[in-house]
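Chemist: One-letter residues, chain by chain:
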Amino acid sequence: MSAGECSTAAAADQPTAREQVAALRSRGRRRLRLVVAGLAVLVLALMAVRVLLGAYTVTIPDFFRILGGEQIPGATYIVMQSKLPRAVGAALAGAAFGASGSLFRRTLRNPLASPDLIGISAGASAGAVVAMTVLGWRGPGMAIGALIGGLGVAGIVLAFARSGGARGSGGATTAMGSEKVIVAGIALSSLAMVIVSQIVLSLEKGDLQSVSVWTSGSLSTANWTRITWLAIALVILLPLGLAIHQALAPADLGADFAHGLGARPERTGFLALVVGALLASAATAAFGPLAFVALLSTPLARGLTGGRPSLPVAALVGAAIVVAADFLGTEAIPGVRLPTGILTGAAGAPLMLWLLIRSKSKV
Amino acid sequence: MESTGASTDTPAAAAAVAAGTPAFRLRGVCLGYGGARIVGPLDLDIPAGVSTAIIGANGCGKSTLLRGLTRQLPLMGGSIEVLGTPVEGWPARAYARTVALLPQSPVVPEGMSVEQLVERGRHPHRSWFGARTRRDEAVIASALERTELVELAGRDIAELSGGQRQRVWLALVLAQETPIVLLDEPTSYLDMSHQVELLDMVRALPDPSADGAGGADERAGGRADGQRRRATTVSVLHELNMAARTADFIVAMAHGQVVASGTPADVLTPAILAEVFDLEADVIPDPLLGHPVVLARGKGQTAAVEGGLSASLSNGADDGAS
Chain R
1 MSAGECSTAA
11 AADQPTAREQ
21 VAALRSRGRR
31 RLRLVVAGLA
41 VLVLALMAVR
51 VLLGAYTVTI
61 PDFFRILGGE
71 QIPGATYIVM
81 QSKLPRAVGA
91 ALAGAAFGAS
101 GSLFRRTLRN
111 PLASPDLIGI
121 SAGASAGAVV
131 AMTVLGWRGP
141 GMAIGALIGG
151 LGVAGIVLAF
161 ARSGGARGSG
171 GATTAMGSEK
181 VIVAGIALSS
191 LAMVIVSQIV
201 LSLEKGDLQS
211 VSVWTSGSLS
221 TANWTRITWL
231 AIALVILLPL
241 GLAIHQALAP
251 ADLGADFAHG
261 LGARPERTGF
271 LALVVGALLA
281 SAATAAFGPL
291 AFVALLSTPL
301 ARGLTGGRPS
311 LPVAALVGAA
321 IVVAADFLGT
331 EAIPGVRLPT
341 GILTGAAGAP
351 LMLWLLIRSK
361 SKV
Chain S
1 MESTGASTDT
11 PAAAAAVAAG
21 TPAFRLRGVC
31 LGYGGARIVG
41 PLDLDIPAGV
51 STAIIGANGC
61 GKSTLLRGLT
71 RQLPLMGGSI
81 EVLGTPVEGW
91 PARAYARTVA
101 LLPQSPVVPE
111 GMSVEQLVER
121 GRHPHRSWFG
131 ARTRRDEAVI
141 ASALERTELV
151 ELAGRDIAEL
161 SGGQRQRVWL
171 ALVLAQETPI
181 VLLDEPTSYL
191 DMSHQVELLD
201 MVRALPDPSA
211 DGAGGADERA
221 GGRADGQRRR
231 ATTVSVLHEL
241 NMAARTADFI
251 VAMAHGQVVA
261 SGTPADVLTP
271 AILAEVFDLE
281 ADVIPDPLLG
291 HPVVLARGKG
301 QTAAVEGGLS
311 ASLSNGADDG
321 AS
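Residue numbers (full-length UniProt numbering), protein chains in the order written: chain R, 1 to 363; chain S, 1 to 322.
Treat the hints loosely; a few may be bogus.
Here are the in silico distance ranges between beta carbons for each label pair [claimed, not checked]:
hint, chain 1, residue 1, chain 2, residue 2, range
1, R, Arg33, S, Pro41, 51 to 57 Å
2, R, Ala346, S, Ala158, 42 to 48 Å
3, S, Ala131, R, Phe64, 36 to 42 Å
4, R, Leu42, S, Gly77, 36 to 42 Å
5, S, Glu148, R, Gly303, 30 to 36 Å
6, R, Leu34, S, His238, 52 to 58 Å
7, R, Thr16, S, His238, 45 to 51 Å
Covered stretches of chain S, going by a simulated chain R footprint (3 or more residues, C-beta under 8 Å) [as the list claims (entries may be wrong)]:
hint, region
8, 108-117
9, 140-154
10, 276-282
Read the hints as simulated data drawn from the structure, not as lab findings.
Glycine included, every Cβ here is placed at the ideal spot set by N, Cα and C.
One chain only, chain R, in its complex shape:
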């Protein structure tokens, strides 16, 4: 008789514990499914609001006729060249930042360790601006510049974290490492933003308009080419990120426990930060840094799941934030168009202060 049969038989004598475990399990799953479904509906609803409402309204039948290829003077152009690409671009960028934030948060176990705060987005921004102005690259070249910038900052920050992790307990995955990451990241973030603003200030007025995207982030540059590139990046990075996010589960208990469970927390954590940095850099390459979206998404997502880390939930929250911020930025004050990144930054600053107070009191 095998051990498996034996245990099953033993457990059948006390059905209560097993039933309770099974019931808890299905309850947890149901909640997660409900949250994901609810958020997906919310993101779609916000996108519909973004496309249909505002200073220029489009009726639902008109929208579907436009999607079907019909030419309605004025409306077709506004929907296909501005409203729809902005809504889709906002959702994609938000999902990328949200997923990235979730990966950083789980790996470094610190609510402040998000890619926007530790300079990944700023590095990507600087990379894009340098590629564009100094090297004269355009289009994909700029995106490559952004990826190099974002990964460069991630590499430097990680090197800092590894330089002095607690002995024997694994570099960046320790709480001590994560504090170093945050301090080093904030310094690098400021440096990158100084580079961006110096270059922006030295530009001719014509270029100024297009480059200002890199200081705060905006969806005004949304077009189908950028969306296609970002979508391709997400199709590769999101499933990869999801798999790595789940592989981080043993590391939630600390490096010692993770080793005891046969996991390799250092390796998984390194991969998580690389994929997270790529996600944030890709979104930045498309629409600029969009401050605090990554920082905001994860705590909000955890609030919805009851504290459980979930990458899909964080990605959906990020998407909802950016679509909503883009709509408010363009439509809330008549005649005034605020860049999306200004709005997310304004919403994120108080939340960051709140997180700072809370994380202090918890540690």
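Starting from the known structure of chain R, fit chain S onto it as the hints suggest.
Modeler: Just chain S now, with coordinates in the frame of chain R:
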């Protein structure tokens, strides 16, 4: 001996225990960090199927030795055999199905229920994206039962007391279903009643690789409950009297070396305590259970004649018993 498919995972483990192979055989083992040797070179056999306590002063290398036994630290020299098999080249997950660790200060994750945490113990038994099976559920349920956590299964770990939390970690390690469990100071933050409760649970941990092996557990040690073979447990303990009460085998370490190993009565002597802890102490037998009890003394407070107090007390106890 009836060895009709003793285990799903480690059939060798059951056979090794039955054959009297030590759980760990260390020969010339050296361990350290960044080239600095902290432990060794040491030779040590840790017996299988019984509870072992590692004692020693702070910084003597106990935790480092434990990290070596989990393979978290690479060997700087020497060799380790686990149940007769050299540890080199074992895949990490397979090793985690044989040796589990309850570390000294696990991170308490946010928003995780007791049951979700205990489920983490199934990690080495699953493939990537492996779905939870009925067997996983049965193992998790029985781990919760054994640690008396069924009522708390749905609670958030952050809401629990220190003693309850420590039982959750123990349940997690139980769900890992390993024949060997290592515990790094499992009683550090517990009051005395919870220390006793936890260490008694640790002592009673069954050897999962012996499931269904029938009566093949005669040699499991004098204090075994006779029903099932016990798991090998190795705990780093600070409380000497707790170690004496709950361990079958004690390893005393000082300065990265093993000073003495054997039964509590063999190891917990005034001479060895002086060497290991630089502590003057008297040792008397527990009047009821018979294990040694360490009485710490200040300078010059020990019984005038070496062994005098313990001799007179043990004579008294013998008289009372006879």
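Chemist: Hint by hint, note whether the structure agrees.
Modeler: Going through the hints against the structure:
Checked against the hint of 51 to 57 Å, the C-beta distance between arginine 33 of chain R and proline 41 of chain S comes to roughly 56 Å, which is consistent with it. Range check, alanine 346 of chain R to alanine 158 of chain S: Cβ separation about 32 Å, and the 42 to 48 Å hint is violated. Between alanine 131 of chain S and phenylalanine 64 of chain R the beta carbon distance is about 40 Å. The supplied range of 36 to 42 Å therefore holds. Between leucine 42 of chain R and glycine 77 of chain S the Cβ separation comes to about 60 Å, which falls outside the hinted range of 36 to 42 Å.
Look at glutamate 148 of chain S against glycine 303 of chain R: about 32 Å separates their beta carbons, and that is inside 30 to 36 Å. Checked against the given bound of 52 to 58 Å, the beta carbons of leucine 34 of chain R and histidine 238 of chain S, roughly 47 Å apart, lie outside it. Range check, threonine 16 of chain R to histidine 238 of chain S: about 37 Å between beta-carbon atoms, so the 45 to 51 Å window is missed. Coverage of the region 108-117 of chain S by chain R holds in this model, with 8 residues showing a Cβ closer than 8 Å to a Cβ of that chain against a need of three.
A stretch counts as covered by a chain when three or more of its residues have a beta carbon under 8 Å from one of that chain; for the region 140-154 of chain S and chain R the count is 8, and the coverage holds. For the region 276-282 of chain S, the stated coverage by chain R is violated: 0 residues have a C-beta nearer than 8 Å to a C-beta of that chain, whereas at least 3 were required.
Of the numbered hints stated above, those contradicted by the structure are hints 2, 4, 6, 7, 10, listed in ascending order.
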